[in-house]
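Peer 1: Just so you know, the sequences run in chain order A and B. Using this note's numbering, the first residue of the first sequence is number 5, and each one after it goes up by one. Using this note's numbering, the first residue of the second sequence is number -12, and each one after it goes up by one.
Hints may contain errors.
Unchecked claim - Derived CB-CB ranges, DEER-like:
#1 A:Pro7 / B:Asp64: 55 to 65 Å
#2 A:Leu23 / B:Thr515: 33 to 43 Å
#3 A:Ile9 / B:Ala449: 34 to 44 Å
#4 B:Lys697 / A:Leu23: 23 to 33 Å
#5 B:Asn589 / A:Ile9: 39 to 49 Å
#6 B:Arg744 / A:Ser25: 31 to 41 Å
#7 B:Asn589 / A:Leu23: 53 to 63 Å
Hints listed in this document are in silico derivations from the structure and should not be mistaken for laboratory results. Note that beta-carbon positions come from the ideal geometry of N, C-alpha and C, so glycine has one too.
As a plain string of letters, each chain reads:
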Amino acid sequence: MLPEIILIVVCAAVIVGVLISFVIRKKKGKCSCDCGGDCPHCAGCVSGRKTDEISKK
Amino acid sequence: MKRFALAGNPNCGKTTLFNSLTGSTAHVGNWPGVTVDKRDGVYKKCPEPVAIVDLPGIYSLSPYTPEEVIARNYLLDEKPDCVINIVDATNLERNLYLTTQILEIDVPMVIALNMMDAVEKAGDKIDAKELEKRLGVPVVKISALKEEGLRELMDKAWNESKKVRMGTTVLQDTALIHLVGDVKIALEGQKVKNPLFHAVKLVEGDEIERKMHAETVNMVEAFKKTFHDNVFGNDFEALVADARYQYISGHFAPVVTRKNTDRFRMSASDKADKVLTHKIWGIPIFLVILFAIFHLTFSEDLLFLGRIFSLPTLEDLGLMAVNADGELEAIHYGVRWLACVYDGAVMSPGVILNNVWNDMLVGELFGWLKDIIAGSGMQEWAIGLLSDGIIEGIGAVLSFLPPILTLFLFFSILEDSGYMARIAFILDRMFRRFGLSGRAFMPMIMGFGCSVPAMINTRTLADDQERTATIRVIPFFSCGAKLPILTAVAGAIVAGAGIGNADLITYSMYLLGIVVAILSVLLMRSTTLKGETPPFIMELPSYHAPQLKNLTAHLWDKAKHFIKKAFTIIFASTIVIWILTHFSFGWQFLADEEIDQSILANISMLVQPVFTPLGFGSQLKAFGWVFVLAAITGLIAKENVIATFGVLAACIAGAALDDPDGSGIPYVLAMITETGITVPALISFIAFNMTTIPCFAAVGTAKAELQNKKRYRFTLLFWIVTSYLVATAIYTIGTAWWTAFLWAGAIAAVIAFLAVRNGKRA
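Here chain A stands alone, though its shape is the one from the complex:
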């Protein structure tokens, strides 16, 4: 029965994880498009975050 329990836990974690990340991304104003991270929106998010991190250091 243990593998089945692990399977249920993992599946639940995946679904909850995807939903939470979707909500967090939306709150931060990030999108989940298919651009591969190179659209103005996504690139702005990614590069902006890096700049902030270096700036804090």
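Using the hints, position chain B against chain A.
Peer 2: Okay, now just chain B, sitting in the frame of chain A:
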């Protein structure tokens, strides 16, 4: 941290320089207007890390479109520590027009003479030292593409950022300077920052400046009344522009020494354009190139050699034999590899990649995983969830990675070579008649990749009505996520019904999207979104060989995102779909053959009658609801359509799904067999998914970009109605050809009604 802004004309290489300096992989396209928002990165080789801000390209600091406003506001309000003005050295005079405006801002500045490699290749010379002397700011020769001169550029920018620089103007020697000087003094009295810049703009009559300095406008107008020019009269915008160009040609142009002084000599790009942008042959050539791309991606008979020469199959050559189960099997492992390339016909590169990926790599891996799960001794439901649900669902989606990458490789080549910009130019003639300028076509082309950046790119359109119309039709340009639907259904039609070629069907569906977009634009621009079609002026970039670095960056991003999506959203979706199709409302577990009583089956069956006119509604046999369910799950992400088939195919086919090649086609074949869906209904299903509400991400972007709730709601309604009508038309015409006359009559009636209505109003 210091901030350096990259400013320059569109397509002068700002983003290439940004990528080179920061190590980013921001999208670089060989056409003007790729960057529509600012983005930051960090350059670490200065004494301290420096934030680099890549700004959208602008021709002047008098903005007309939203992205031009972003660039202007950043330079004026954000006060960067240094502006790196990138100048396309191959078009020095025109690029310096913007430079003369940035010079008027009180900000340290360095000029980067980019594309010097192209200048030197042409045998021309630019005296950077002399230009530096005349401009009064440092000038550095660079090649952003070859990463030459970047260190010197950044060192100079670093040094300049420590200095204070006051604005200077090239209008100094003109009669206008007294007028500008008076306004400047007035603005200085009001403690306005960058007084010289604002003074010149107020003299020009810039709309933004007039709003910003409303209290000064009357005084400026009074000053202007004292001035009159014999040529331009009181057109101060033209006066200032002329003065700038006069100064540029008089003072800066002499720093260039051209090897060939014949100004009318045609370059190789000009000669190529004579053919590729021909007013008659331009569009047919574009259609042929587009077909060639689809042929190279999807055809199992490259150049139709198999049909022309009746080439023998591997079975004819004795390399395949029937095994004990009655199935055709390769006699040797090596023949399996050979079968990826040839079997009675030479496969196209896309199909070879697809076969290798699905037959030899992923198919093997997933088959091995399913064997382990089957022998794990877990309960039946757990095996079903893992094997039929998760692995089949993700596998069905991942199997389409090769055609997606192949197709986007060709699209990237078109973009990087400069041909994509020509397509906008060619289609401008056609689109203009329907109320859209060629400029609107650039975001539409981007829609072939993904609707989200395409919708954001509509910011380059100045006209609001045109922008709304463009956002609405962008999803009709089939994006990468819709490709699995097209490929799987087209492949199943060919394999199941034995008609047509997969490449031809896929190509036709792409063209259908374009035609629906044109008709929709025609309708919108004649009714709710009327307006003048703005003039289309776009600088055509020179053709150049596609850069390997750009191509690999595009493909890597695409692959990375596709795989990431498969293991997040699609992974979660397959679990949810499997659970909701294997449990009843009473929360009882259902075996594969009982999924007709599941939660999702009941919900889908409730909606199913609505899709009857489209061919995949109530007329289908048992399990027909799967098509409705797939269309609904596709609203989360379009890949879910095929993932849904993947999850449910094994259940529906009685857990005996024969999937020898690991691609998604057998899943659709299983659906065809079990539901009795017809070919017209399958094509209607593709068309519906292509034109209906796009994925969540695209819908969210449309909402943000439209910035108007009423327009957004109407856009959703527009997508639903359009997809319903298009799919119904395809199904009815495919089922009873004579209904084509009814549809043609209906379209003619609508056009006639609009013509009469518009005529009356005019």
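Peer 1: All the hints need checking, so say for each whether the structure fits it.
Peer 2: The hints, checked one at a time:
Between proline 7 of chain A and aspartate 64 of chain B, the C-beta spacing of about 60 Å keeps the proposed range 55 to 65 Å intact. For leucine 23 of chain A paired with threonine 515 of chain B, a C-beta distance near 37 Å keeps the hint of 33 to 43 Å intact. Our hint of 34 to 44 Å for isoleucine 9 of chain A and alanine 449 of chain B is violated, since their Cβ atoms are close to 60 Å apart. Take lysine 697 of chain B and leucine 23 of chain A: their Cβ atoms lie about 30 Å apart, and the range 23 to 33 Å holds.
Distance hint check for asparagine 589 of chain B and isoleucine 9 of chain A: the Cβ-Cβ separation is about 29 Å, which falls outside the suggested range of 39 to 49 Å. A hinted range of 31 to 41 Å is violated for the C-beta pair arginine 744 of chain B and serine 25 of chain A, which are about 49 Å apart. A hinted range of 53 to 63 Å is violated for the C-beta pair asparagine 589 of chain B and leucine 23 of chain A, which are about 24 Å apart.
The structure is inconsistent with the numbered hints 3, 5, 6 and 7, although it conforms to all the rest.
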